[in-house]
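Enquirer: Basically the numbering used here = 1-based index in the sequence shown + 108.
Nothing false has been slipped in among the hints.
Derived pair list, reagent style DSS-like, types lysine-lysine, alpha-carbon separation capped at 27 Å:
| # | residue 1 | residue 2 |
| --- | --- | --- |
| 1 | K166 | K258 |
| 2 | K243 | K258 |
| 3 | K166 | K262 |
| 4 | K274 | K262 |
| 5 | K166 | K234 |
| 6 | K274 | K248 |
| 7 | K258 | K234 |
| 8 | K274 | K166 |
Calculated directly from the structure, the hints in this document are not laboratory data.
Computed from a prediction, not measured in an experiment: that's the story for all the values here.
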Amino acid sequence: MDALTFLSEIIRSVAWPVTVVVLVVVLRKPLVELIPLLRRLKYKELELEFSQQVSELKAEAESISREHPEEQGQISPSSNRILNLVSFSTRASIMEAWLEVESAAIAVASSFWNQPPSDVMKNYPKLGEYLLQCKVINEKQLDIFNTLRKLRNKAVHAEELELNEKDARSYVQLALDLAEHIRMHNKI
Numbered sequence: 109m110d111a112l113t114f115l116s117e118i119i120r121s122v123a124w125p126v127t128v129v130v131l132v133v134v135l136r137k138p139l140v141e142l143i144p145l146l147r148r149l150k151y152k153e154l155e156l157e158f159s160q161q162v163s164e165l166k167a168e169a170e171s172i173s174r175e176h177p178e179e180q181g182q183i184s185p186s187s188n189r190i191l192n193l194v195s196f197s198t199r200a201s202i203m204e205a206w207l208e209v210e211s212a213a214i215a216v217a218s219s220f221w222n223q224p225p226s227d228v229m230k231n232y233p234k235l236g237e238y239l240l241q242c243k244v245i246n247e248k249q250l251d252i253f254n255t256l257r258k259l260r261n262k263a264v265h266a267e268e269l270e271l272n273e274k275d276a277r278s279y280v281q282l283a284l285d286l287a288e289h290i291r292m293h294n295k296i
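Could you build the full structure based on these sequences and the hints that come with them?
Expert: Right, here's the structure in full:
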């Protein structure tokens, strides 16, 4: 092999890696600016989608609480228990928080028929829409209800999902606030 052939082979083998490195260096800033706009990013234990949806829900719930400050109440013992559960198991705390929302929704929905709460309503896929129709929740709260349900399903069924405590705590607080709002309707 002569020197020109050797040089040609080296250039051919290094061309793509050098091109990739140059593109990353040149496009580094625009790529970093695009990261917050991603809907889903998974790399090993990083799950961006759940975190982003919880953040969106939190902002929406805060706007609702500003509209209805009278609904801010004390933390119940069961709420405190679920919030403490976050540090032990994020998935378990999310499931428990959803059960609070679901049991409140079932109790209120059943009360419209003068029936005791039953598991029949638990499997009713349009439970949130029924609460909206009965004016227990508004459109924004229905969106929160449905998103909390979807996020709960992700937390339960996604094997690779690693949730951080902050996101789980936010989810739990949102769910408990919604459950309390729904229960308030029974007290009226």
